[in-house]
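Colleague: Given the sequences, and given the hints that come with them, work out the whole structure.
Chains as they are written, first to last, in my numbering: chain A, 25 to 364; chain B, 17 to 360.
Hints listed in this document are in silico derivations from the structure and should not be mistaken for laboratory results. A few of these clues could be false.
[To be verified] Residues on chain B that point at chain A, a partial pick, calculated with CB under 8 Å:
| id | residue |
| --- | --- |
| 1 | Val183 |
| 2 | Gln215 |
| 3 | Arg219 |
| 4 | Gly220 |
| 5 | Ala236 |
| 6 | Ser238 |
| 7 | Glu239 |
| 8 | Gln250 |
| 9 | Thr278 |
| 10 | Asp300 |
[Stated by the list, open to error] Far from chain A, some chain B residues (derived; all Cβ distances over 10 Å):
| id | residue |
| --- | --- |
| 11 | Lys47 |
| 12 | Arg56 |
| 13 | Asp74 |
| 14 | Tyr95 |
| 15 | Arg209 |
| 16 | Pro211 |
| 17 | Phe229 |
| 18 | Asn262 |
| 19 | Pro264 |
| 20 | Phe301 |
| 21 | Lys324 |
| 22 | Phe325 |
| 23 | Leu327 |
| 24 | Thr344 |
| 25 | Leu351 |
Note that the structure is predicted; figures quoted are calculated from it, not measured. C-beta: ideal position from N, C-alpha, C; glycine also.
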Amino acid sequence: MIISRPRYPFALGALGMALAGLVALAISVGSFPVPVAKVVAVLWAALTGGDAGVADNVRAVVLQVRAPRVVAALAVGAALAAAGAAYQNLFRNPLVSPDILGVSAGCALGAVTGILFSLPYLLIQAFAFGGGIAAVGLVLLVGSWIRGGDRVLTLVLTGVVVGSLFGAGVAFVKVLADPYNQLPAIVFWLLGSFSGVLPKDLAVALPLVALGLVPLALLRWRINLLALPDDEARALGVNVGTLRIAVIAAATLMTSAAVAIAGVIGWVGLVIPHAARLLVGAEFARVLPVSALLGAGFMLLVDTVCRSVGRTELPPGVLTALIGSPVFIWLLALTFGRRS
Amino acid sequence: MRLAAAALALGLVLSIGGAAARTFVDDAGRKVEIPDKVERVFAAGPPASVLVFALAPDKLIGWTRAFRPDEAAWIPKKYADLPELGRLTGRGNTANVEVVLNAKADLIVDVGSTNPTFASLADRVQQQTGIPYILLDGHLDSTVQQLEKLGVVLGAEARSRELSAYVSKLLDGMKSKIATVQADKRPDVYYARGPQGLQTGLRGSINVEMIEFLGAKNVAGSETGGLASVGVEQVILWDPQVIVTNDPNFYASVFKDPVWSTSLSAVRRKRVYLSPHLPFGWFDFPPGANRLIGLVWLSEILYPDLFKFDLKREVATFYRLFYHREPTPQQLDVLLAEPGVGPR
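Modeller: Structure representation (structure tokens):
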């Protein structure tokens, strides 16, 4: 089956416009009813430093609750999708997600340890971030200790092992936790949520996401070449080893920051790059921005639905899986064709 | 095969325990053969521990987890030093069945949910160990029945009468007073759980039983269920009059948080309360008889004009009755001066 691909600039423009529309929608809906005109007034006042002339709680809902939540969903979606795209290119495998090197398991272990010791929320987030970095650091360390063989395969296998080890750590902490208080807190953390994101969380997380996203964007042409076998990429003048570490570091930084503020949310990093490739082809230089835009939009849509369905919230991970799994199958069928 | 093993185990128990046995129908409707004289009781979960400890502390053979030093200071040392044996069923099984056997318990007691899941778990453990296993309904409202039934089972009728008299006087007094309060005078309460205070208990969940018992309105009570996650926006929309939490981190941050402190009248009016937790929690967990003293505390918070307890005296009485030691005046001062116990 041949799909006509829209031209790249057109795709970027259309996605950007759709995303802007989605942001406008997301900031206008919520359980606390705020008329759209007031939302605009509050945002305008915040930008210009003027007075919106609305009640304090309306201002707080728009600026302190909804806006950070929208920004967080955008950033997390973009980070996970971009990391997924980079990894699928790096590992030359379309079934790879940002978790492949154990980053989520590491974040989870960090966070649940923080909950076990009843630490303040900020420290729980810091533990989550540190856990993700530590897990991938361990993978790189062990991977570099093993000499021969296919480097990429070694890394993936080490990642699976370390991820599983940290997963066992999470299970162990669950057993240690107080079943009435800490265990539910752990379960809710692992389910993931954007419901408590504050501006101060973003002040830390956004720079970290940018710190991962910018190098990927700058290196996008070179990363393209990583899809080739190592010796061919080398022949084209790419320092494969260094570049691989750079990509892994950037992806890990972004994913850890994303998981630290939103919990473990699956499927975004796996499915979105496929959708992006379907739109603009396999070239990483194009897949990266399109993935980031698509991921941001998808995550924002999912979170907006999660917080609008009722008084209590759905975990976004449930919805991403519900949407992601059939979409993934459909994308596979589109890419590889179907048996008639 | 399993039936044969069960029969064998049962035969073994009968031969050890002798013919002196009676039949007890537990709250799940299970008919359980229990020995005439129960001497060593394994409490399957924290609520059961609290109840057995209150009624017959010398028959309790261990706790589900060891006490931390700050908790142990509130109960007599010989009981605080009982070994940690783990939890048996329910939320995470940490007790090894062999540990239970090795502890030579002659009765296992669980207090809490009596639904088919827990009934079948009880049956399985009973078959496996040959130790009679009884389940009691753990709702706050049935505390008196718990005390009466377990009192008979443990042969602690005198203690049971003393404790149930205290509990029925307390609960009935509260109920009759609260019955006079009109619907619009009953406060809206939000129960904040978790480090961000964004998990709460829905209607019917054991976590918010105290709010429901005290006739107040749980703002999240329009939906039935267990624990759920909510957004800050929804809490602002509810704008509860009182917020109760048992998370010290949430309590510490809520007055400084730009959203909570400006948009929620309960926070602006300093009507956020943090439940004490020594030696057992006063609110929500463990969901056992330990919550009774929490009811005294919370009733004053929710209806300041209706209830005027001498909290210090009430705590002293309750701790003496249920935990077998009256706290020192110094301990009481420290406990009641902790942040969040009283008005800020």
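Colleague: Hints numbered earlier in the text: which of these fail when held up against the supplied structure?
Modeller: Per hint list: 1, 3, 4, 15, 16, 18, 19, 20 violated.
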